[in-house]
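> The listed protein sequences correspond, in order, to chains A and B.
Sequential numbering from 0 applies to the first sequence in numbering that gives the first Met the number 0.
Sequential numbering from 0 applies to the second sequence in numbering that gives the first Met the number 0.
Think of the hints as simulated: they come from the structure by calculation, not from any bench.
Be a bit skeptical, because a hint or two may be false.
Residues of chain B placed beyond 10 angstroms of chain A at every Cβ, according to the derived structure [claimed, not checked]:
hint : residue
1    : 55
2    : 94
3    : 120
A few chain B residues facing chain A, derived, Cβ under 7 angstroms [unchecked claim]:
hint : residue
4    : 47
5    : 50
6    : 91
7    : 128
8    : 152
The beta-carbon is built from N, C-alpha and C at its ideal position, and this holds for glycine as well.
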Amino acid sequence: MTHWWTPARAVTALVLVLCAAVPYLAPALDEPFYVIVFARIMIWAIAAVSLNLIMGYGGMISFGHAAYLGIGGYAVAILGFHDITSAWVQLPVAIGLSAVVALVFGVICLRTRGIYFIMITLALAQMVYFLSVSAERYGSDDGLNILWRSDFGTRFFDLEDSVVMYYTIFAVLLGCLLVKWRIVMSRFGMVLRASSSNDTRVQAVGVPTFRYRLVAFVIAGVMCGLAGFLQANLERFVSPDMMNWHRSGELILMTVLGGTSTLFGPVVGAVVFLMLSEILSTITIHWHLVFGPFLVLVVLFARGGVMGLLGSRARHD
Amino acid sequence: MLEVHDVDAFYGDSQVLYGMTIAVRSGEIVTLLGRNGMGKTTTVRAILGIVRPRAGTVTFNGTRIDRLPSYAVARAGIGLVPEGRQIFPNLSVRENLIATARSRRHQGEPWTLERVVELFPALGARLGSAGNQLSGGEQQMLAIGRALMTNPQLMIMDEATEGLAPLVRQEIWGCLASLKEARQAVLVIDKNVEMLTRLADLHHIVEKGTVVWKGTSEELRGNTSLQTRYLGV
Numbered sequence: 000m001t002h003w004w005t006p007a008r009a010v011t012a013l014v015l016v017l018c019a020a021v022p023y024l025a026p027a028l029d030e031p032f033y034v035i036v037f038a039r040i041m042i043w044a045i046a047a048v049s050l051n052l053i054m055g056y057g058g059m060i061s062f063g064h065a066a067y068l069g070i071g072g073y074a075v076a077i078l079g080f081h082d083i084t085s086a087w088v089q090l091p092v093a094i095g096l097s098a099v100v101a102l103v104f105g106v107i108c109l110r111t112r113g114i115y116f117i118m119i120t121l122a123l124a125q126m127v128y129f130l131s132v133s134a135e136r137y138g139s140d141d142g143l144n145i146l147w148r149s150d151f152g153t154r155f156f157d158l159e160d161s162v163v164m165y166y167t168i169f170a171v172l173l174g175c176l177l178v179k180w181r182i183v184m185s186r187f188g189m190v191l192r193a194s195s196s197n198d199t200r201v202q203a204v205g206v207p208t209f210r211y212r213l214v215a216f217v218i219a220g221v222m223c224g225l226a227g228f229l230q231a232n233l234e235r236f237v238s239p240d241m242m243n244w245h246r247s248g249e250l251i252l253m254t255v256l257g258g259t260s261t262l263f264g265p266v267v268g269a270v271v272f273l274m275l276s277e278i279l280s281t282i283t284i285h286w287h288l289v290f291g292p293f294l295v296l297v298v299l300f301a302r303g304g305v306m307g308l309l310g311s312r313a314r315h316d
Numbered sequence: 000m001l002e003v004h005d006v007d008a009f010y011g012d013s014q015v016l017y018g019m020t021i022a023v024r025s026g027e028i029v030t031l032l033g034r035n036g037m038g039k040t041t042t043v044r045a046i047l048g049i050v051r052p053r054a055g056t057v058t059f060n061g062t063r064i065d066r067l068p069s070y071a072v073a074r075a076g077i078g079l080v081p082e083g084r085q086i087f088p089n090l091s092v093r094e095n096l097i098a099t100a101r102s103r104r105h106q107g108e109p110w111t112l113e114r115v116v117e118l119f120p121a122l123g124a125r126l127g128s129a130g131n132q133l134s135g136g137e138q139q140m141l142a143i144g145r146a147l148m149t150n151p152q153l154m155i156m157d158e159a160t161e162g163l164a165p166l167v168r169q170e171i172w173g174c175l176a177s178l179k180e181a182r183q184a185v186l187v188i189d190k191n192v193e194m195l196t197r198l199a200d201l202h203h204i205v206e207k208g209t210v211v212w213k214g215t216s217e218e219l220r221g222n223t224s225l226q227t228r229y230l231g232v
C-alpha cells in the first residue's frame, strides 16, 4: 500500500502553511521582522526552484543563475529611474529580457557539458555583473533605490501594501511550483530527465535534446527573472551584488540542501539555508564556521538533501 | 532500405572500419557476426551518426544519412536497441517507453504501449518502477520496447542477448521471431550463430573492420570451417 502522507509531504505542507500564516503569525508573536524574512525566503525559493528545473532534472549546473535575478531586478529599477513605474511595462520587460538573455546564454553554453558548462555560465553571468558595475548612471557598485513599487494601476492590487506584496510573492511561488510540476511530469520533462542521464542515447532514439534543454534553460531564466522582479519590489533597491557569483553559489547550495530532483526540495533548502544563516548570525559573527561544516555534512551524508532524509519520492514531493 | 557502402571510420587517428559494406532490405533480418573488437558496434555507430564516417556513404530509403545528426537518423526511421541496454535509470518503465515514442505512417499495426506490454508481459507489471530497479532481462525488454515505440522501419539490435539468463534469451529470440513474422526489418548483432541461422535471412561476417563473408543461413550453417575461423564456434 502506498502511503500518501510521508514525512516529506508533511514538511512541505508545514512550510506552505507557515508561509501563508506568517503575515498574521509574526505580528501576533511580536516579531513583525519575520514577515520580510519569509518574503525574502520565498523569493530565493522561487529562484532555487527555477535552478532546480535545469540542475536537478536536466543535469545543467548553472553557476550563473543569479544573473537573471539581477536582470529582473534592474528592469524594475531602471524603468523606475526613468519614471516608468507601470507593472504592465516593468513585468513584461523583466520577463522578456530574462528570456532573451537566457536564450542567448543557452545557445552558447548548452554546447558544452560538465565543468565547461559550469565555467561558461559563470563567465557569462559575470559579464552581466560587470555590466551593472560599470553602469554609473544607474548607481554602479552602490546600486539603485526604487522609490515606487511596480504599479498595477488598481487599488485592489497595490504592491505598496506590504500584505499584498507578501501574498503576491507567495502566489508566484505556488505558481512556479505548479509550472515546474507540470513540466517535470510531461513528456518534455521526461526527455529532459532522460537527457541528464544519457544525452547521446536520447538523441539516438530520435530526440533533438538541444532544443529541449534550451527551452528548459529559458523557462528557468524567466522564472528567476520573475524572482528578481519581486526582489527589487520588496527591497526597493537593486545592486550588482544581486547577481554576484556568490549568489549563484548560494542558489546551488539551497537546491542541494533541500534535495535536487524533488519538486519542493529547493523551497525547503531556501528555508533551512536562510533561517539557519539568520539565526546563527545572531549568535556569533563567526557563524560561517558552523554553517560551512553543516553544509559539508549534508552533502556527505544526505545525498538527497533534507527531502531525501525525509523519504521524499523524487519528482513528486 | 539501408545501404552502408565502403565506409571508413576512425576513433581519433585509429581506423576501425575499412570499406565496410552491408545492406538491409525491407522485411529482412540481417546479421553482423564476428568476434569482439572487429567493428560491429562501430558500424552501428556510423549508421546512426554517432561516429562520422570519413569515407563512404550510408543511405536509408535512398537518402544519404551519413551527415545527419543522430536524432535525425533515428527520425528517418531507424530504431536502436543499444549494447548494454542503456535504459534511462531515472525514468520509470512507462516513462522510458513513452518519452521518446513516435508515431509514423507505418505498414501494419503501429507499436503502442499496450502492444509492447503484450509482447513483454513482464514489463506490464513494472510500469511504475524506476528503470534502474529492473533485472538485466527486464532492462533488455525495456530497451527493445523503447525502440519499437519509435515505430522504426529498421531496427538495430546490438548484442541483444548478451549477459542474459537462458530463459530471458529465449524470450528475446521469441520477440525477434515475432518481428520477422511482422515483416519488420532488423539488423542484429549477436554471437548465437545457431539461433541467428534459424531466424535471419542474410549474414555478414566482420573481421578487422570489413566484411569478409556474406551469405544465407544455409550457406553459413554448412560452412563449419568459416564458423571456426571467424566466429570461434
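> Next step is simple, just say for each hint if it's right about the structure.
Comparing the hints with the structure gives:
no.	hint	result
1	55	holds, 20 angstroms
2	94	violated, 5 angstroms
3	120	holds, 23 angstroms
4	47	holds, 6 angstroms
5	50	violated, 11 angstroms
6	91	violated, 9 angstroms
7	128	violated, 12 angstroms
8	152	violated, 12 angstroms
In this structure, the hints that do not hold are numbers 2, 5, 6, 7, 8, in rising order.
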